[in-house]
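Protein sequence lines, in the order shown, are assigned to chains A and B.
For the first sequence, the tail end lands on 367 under full-length UniProt numbering, and the numbers increase by one without skipping.
For the second sequence, the tail end lands on 161 under full-length UniProt numbering, and the numbers increase by one without skipping.
Certain hints may be false.
[Stated by the list, open to error] Some chain A residues near chain B, calculated using beta-carbon distances under 7 Å:
| # | residue |
| --- | --- |
| 1 | 18 |
| 2 | 19 |
| 3 | 155 |
| 4 | 156 |
| 5 | 160 |
| 6 | 164 |
| 7 | 167 |
| 8 | 239 |
| 9 | 240 |
[Said to hold, decoys possible] Only part of the chain A face toward chain B is listed, based on derived beta-carbon distances under 10 Å:
| # | residue |
| --- | --- |
| 10 | 8 |
| 11 | 52 |
| 12 | 62 |
| 13 | 153 |
| 14 | 154 |
| 15 | 163 |
| 16 | 168 |
| 17 | 174 |
| 18 | 246 |
| 19 | 250 |
Since the hints were made in silico from the structure, they are not lab data.
Since this is a predicted model, take the numbers as computed values, not measurements.
Beta carbons: idealized from backbone N, C-alpha and C, even for Gly.
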Amino acid sequence: MPHIPTDSDVYEVFAQSGHGTALSHVGSIVSPRPDAAWHLAKETYGRRDDLVKLWVVRRTDMIVSSAGDRDLLAAKTRMPYRQPGFPTARRRDRSAAPPAVAAPPERRDSGLTERRDDAREPRLTDLWLALADDLFVLGNRLGERIVDYIDLEEALAVGSIGQEALAHAGTILVLCGFDQPAVDARFFDRAQAQWQVSRVVERLTDWPSLVAGGLVIAAAVAVLAERTAEAEPGAEWLSAISAIRDEQLVHLDHWRRWARALAAWPETRTEFARAYAEVTECAGDMFGARPQSQGQGVPAAAPPAGPALAVTLHERLAVLVGDNGGPGSRLPDGPRTRTWGVGGSALADSLSRGRAIRDHYAPGVFS
Amino acid sequence: MNADQLADVVAGVSDPEIDVGLRDLGVLRSVSLTDGRIRVHLTPTRLSCPAVGEIARRVRAALAEAAPGHGIEVVWERGAWQPAAVTAAGRDALRRGGYRVAGTAPRCPYCDSEDVEQAGRFGGAVCKVPYDCRGCGSTFDVIGTAGCNAMLPTPVRGGSR
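Using the sequences provided together with the hints, build the complete structure.
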């Protein structure tokens, strides 16, 4: 415990030996009288050097820590991500960590088995559900990066875009007829083998690829939202779809600035060109969803999203990606089909982190 | 209590972040009462508003106290919020709290100067766009949706590299 010392004839001496130096503790003296203490300190500590300041204080006038005060003295509010070495250490730890196990625990499987109903044409709903899967992983990947930024503005942007990607994923499921428990079950209790993410998702590992992937996904969501709004003007879900489109266009603009910047800097030009080529090469399957057993709505009465629709959407996507991401896109000429079980460590990480966090919540929080 | 009185109860519930009532903020859409069941239609200012859970909890608590024994259902109308739905009283309350509402040319809430500059596209919350006032040096936020954000006339300073 901090305490007041009892040895009343001991004095602590503080001296400053030059204008550029700090006043610092130089030692203690024993003096029988207070008025003699300062002169004794001058004789003891100021004999050889010129002093600028000399302060003497009786030890019993101080409050001092004890040897057992280590816990009290430890910084309570030190946030690891504010320490100077944090981003470097974090990147090193990440790159050293083994990739997440791809197969999630089977006990989580709560009867959400997808029927692989390839006999039916995919509907707009199927396309939305697949893009919701992509948005969910993108939001998670961005969320992990918030603390990597020294630049506040970029941390706010990445945090906002990630938060909105997750919210859009959830909103899409609600529009497709899911209630909140079903939304949670779909995102957190579904085995990786039942996700139908784009092949872009497994590329969402380094920053240049996240920029390219964020750009492609934002463009795809904007394109599909535009098409959905055309399908049934005046529908009651139109405001939500329009809000998703408007917010994704803001995200797209953010990624466009990043793409231009990374392509312009000599230090990042080569790396970004490679990431942009690889990500766009994988992005042919944005509208290639296979039919899924779950989900109605958006819009229930809409025509099947047959091959012709996928071609139209894909063409719009190619224009939007080229306009925003710049030259060097390797988007395939025509749409590709999605498949189950891709997503790699990017999807596996998002799933295992989400489950780990939910496991540590008190029972009943997610009811 | 009838539906109008119940709506007044909900209107008195404040937003968790800014001290302004839900009706004044344009979040309250309607309240209906059928067969002893209260249905409250609300709209978040932004799809990803993190406060929807807390707002629903406050609305339920206020209604349960004012009209005990009724079933309460909270319906979120996603994407329906518009800056125009903020009432005059809401605009005053927001201005006093250092906020402006999107949809008109932004002015500084502190010195009323029009010489303001957008300081970025993403603020401390998803519904806010940060601004600087060159008149008095204050910073303030404009509350608005992405659609409104696109409408705002002032170009972004610097951008994000």
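Do the hints match the structure? See the list:
{"no.": "1", "hint": "18", "verdict": "violated (39 Å)"}
{"no.": "2", "hint": "19", "verdict": "violated (35 Å)"}
{"no.": "3", "hint": "155", "verdict": "violated (9 Å)"}
{"no.": "4", "hint": "156", "verdict": "holds (4 Å)"}
{"no.": "5", "hint": "160", "verdict": "holds (4 Å)"}
{"no.": "6", "hint": "164", "verdict": "holds (5 Å)"}
{"no.": "7", "hint": "167", "verdict": "holds (3 Å)"}
{"no.": "8", "hint": "239", "verdict": "holds (4 Å)"}
{"no.": "9", "hint": "240", "verdict": "holds (4 Å)"}
{"no.": "10", "hint": "8", "verdict": "violated (54 Å)"}
{"no.": "11", "hint": "52", "verdict": "violated (39 Å)"}
{"no.": "12", "hint": "62", "verdict": "violated (43 Å)"}
{"no.": "13", "hint": "153", "verdict": "holds (5 Å)"}
{"no.": "14", "hint": "154", "verdict": "holds (6 Å)"}
{"no.": "15", "hint": "163", "verdict": "holds (5 Å)"}
{"no.": "16", "hint": "168", "verdict": "holds (6 Å)"}
{"no.": "17", "hint": "174", "verdict": "holds (7 Å)"}
{"no.": "18", "hint": "246", "verdict": "holds (4 Å)"}
{"no.": "19", "hint": "250", "verdict": "holds (5 Å)"}
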